[in-house]
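Residue numbers (our numbering), protein chains in the order written: chain A, 191 to 529; chain B, 191 to 529.
No wet-lab data here; the hints were simulated from the structure.
Any given hint could turn out to be false.
Given that identical chains are not distinguished, each listed pair holds provided it fits within a single copy or across any two copies.
Said to hold, decoys possible - Below are the DSS-like pairs computed for lysine-lysine, each with C-alpha atoms no more than 27 Å apart in a straight line:
| id | residue 1 | residue 2 |
| --- | --- | --- |
| 1 | K441 | K369 |
| 2 | K193 | K263 |
| 3 | K441 | K236 |
| 4 | K441 | K260 |
| 5 | K321 | K193 |
| 6 | K236 | K369 |
| 7 | K321 | K414 |
| 8 | K415 | K486 |
| 9 | K487 | K369 |
| 10 | K487 | K263 |
| 11 | K193 | K369 |
| 12 | K321 | K463 |
| 13 | K263 | K463 |
2 protein chains.
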Amino acid sequence: MAKRIGRYVIELENRPSLLSGAAAVGKTEGEGPLREDFDLCYESDKICEGSWEQCETHLAADAVNRALIKAGKTYGDIDLIFAGDLLNQCVASAFFVKNTDMPFVGLFGACSTMALAMALSGLSINSGAAKLALAAASSHFCSAERQFRFPLEYGGQRAPTAQRTVTGAGAVLLGEHDKHLPGIRAVMIGRIRDQGIADANNMGAAMAPAAACTIVDFLRDTDKKPEDFDMILTGDLGLVGSRLLLELLQKRENTDISAVHQDCGNLIFDIEKQDVHAGGSGCGCSAAVVCSLIFKKLMRRELNNVLFVGTGALMSPTTAQQGSPIPGIAHAVWLTSDA
Amino acid sequence: MAKRIGRYVIELENRPSLLSGAAAVGKTEGEGPLREDFDLCYESDKICEGSWEQCETHLAADAVNRALIKAGKTYGDIDLIFAGDLLNQCVASAFFVKNTDMPFVGLFGACSTMALAMALSGLSINSGAAKLALAAASSHFCSAERQFRFPLEYGGQRAPTAQRTVTGAGAVLLGEHDKHLPGIRAVMIGRIRDQGIADANNMGAAMAPAAACTIVDFLRDTDKKPEDFDMILTGDLGLVGSRLLLELLQKRENTDISAVHQDCGNLIFDIEKQDVHAGGSGCGCSAAVVCSLIFKKLMRRELNNVLFVGTGALMSPTTAQQGSPIPGIAHAVWLTSDA
């Protein structure tokens, strides 16, 4: 059974395990600091012969397939897959899953999708609704630019506060508790925060209040302090949003997480050297970082307790054009290597 | 705990109850046969002063608010809301939920979203992850036409096989077992079926194979016959898809559900008299029908066992323009009035 702790946190008493994780990425991501941690780095963002959308579907398939191979499992073993992406009607995920015969829960959480998928997968394993569940998310720079901003051919200038949508996908396979593997100890589904940010070139600012809200509530409900975690990992606020998060927590909540804070959007690129403006974003960003670097560090027990706080900006091009502010959300997953 | 029966069905042993349900609809729906069953019928699809998207958000809020009022609950009592819609990035739901401070799981299942939301809400209550959960879905004729087909001003002709996107929303509040109320006995998350239908004006045909697959698997896993249910309710195949479903089941699976089959897309309109072509569709169609007519009949025990099979077409305008076939999915929820 799941057990509520405090108001918002759900403890997974059966402690589902992460059986395997895999990440596949594009060119720019493969040139970044995590190259060695990814399972597959394409040398171009043109990953297949089809459209950019089909390239993204291809990446999602790569990540899931590699995660399954590592665990010695096949599609037929999977009880549920929770997956989503940024594309209209989540087609990157659906068009991959349709070839697999896996029971499919389509999610939309924008860049928080990986955390949402891991939270729901964990709940499913914990309750016995599934014995094996996959959580997956993807994004592609070119399909996202076309859909949310301008076609690449237009050659638009990007604002310094803009983040670069990651070409990448991550997948993790969850199963019943195994004391030799990392697991999920608790999850929290976030509430939407909207502080009136309407600048679609500054998603980090739009999402930071939601991240702050989720972190404060999680720490309060679990009666923990920031230093009880080796890492509080947001994904993906980028440079601007990360600074805002630390400031919001310090000034409004008297909470200092700076010693343990990392952000997937800052980890995936070398922001000084790569032309990525304020860092990475997109469903594939936190998915690729968590399913590679973080999973491996948990396996090696270099990290023992990670609070993964996936952040998402719940806007569409239509709402942006209509001048609506950008609502943010953040879901939390407490990852642990503790046996 | 949830218990797997057979390969795909998940039994909810704690039998979560449907505490209340509500539906709000637009003009054409209010002129149809279910007028008296809906909680709120607007006399125009221009439900608020804002955009069509904002009108849809308004409808979603109406349905949720009425469901909460009936049960004497407020937003603050809700542990989780599972909601989704057809709009890009599911903004109809997000822009309603952002004003409520409820923990939000964003779903995308196209027209199957209500079934998906009810299945996940049921699982959450069953496992103790939530004490009170909302499931909600919405659609709006005008926002859907603009996004998926043509702006209304264009005055495009609709094909006879096309369904009319329902302007409507439905919400149901789920809680722990109460023997005086209808409940959920089992759920099944569907797999995607794609038989190569690429005609975006014939969604019923694209979804019928998925509905057939889910119905056959559900009956096999639970060892039931069609006549063990008072109603097998698909939502929403419309006229064309319903005929195809019966034919597929009879010819390929030797299963005859015609005596108990109904479809939300056929129930919501008077197809003979209203200019709705092949019937209703959209996330709001099955949501509005299940949360009004079906919920009331279960309450009055005029129906005792209903297999609600929500169907969705997982395409986007981009995939349609790229010539991709339309993948269909169907999720099942076994609703019961049995104490």
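So, going through the hints one by one against the coordinates:
1. K441 with K369: neither (40 Å within a copy, 50 Å between copies)
2. K193 with K263: Intra 30 Å, inter 22 Å, cutoff 27 Å: inter-copy only.
3. K441 with K236: Result: close neither inside a copy nor across copies, 44 Å intra and 43 Å inter.
4. K441 with K260: Neither way: K441 and K260 sit 45 Å apart in one copy and 41 Å across, limit 27 Å.
5. K321 with K193: both (19 Å within a copy, 10 Å between copies)
6. K236 with K369: neither (40 Å within a copy, 57 Å between copies)
7. K321 with K414: Classified as between; 24 Å across copies, 30 Å inside a copy.
8. K415 with K486: within (24 Å within a copy, 49 Å between copies)
9. K487 with K369: Within one copy only: 16 Å inside, 49 Å across.
10. K487 with K263: within (23 Å within a copy, 44 Å between copies)
11. K193 with K369: both (20 Å within a copy, 23 Å between copies)
12. K321 with K463: neither (44 Å within a copy, 49 Å between copies)
13. K263 with K463: Answer is neither; intra-copy 39 Å and inter-copy 53 Å both fail.
Hint violations for this structure: numbers 1, 3, 4, 6, 12, 13, all remaining hints satisfied.
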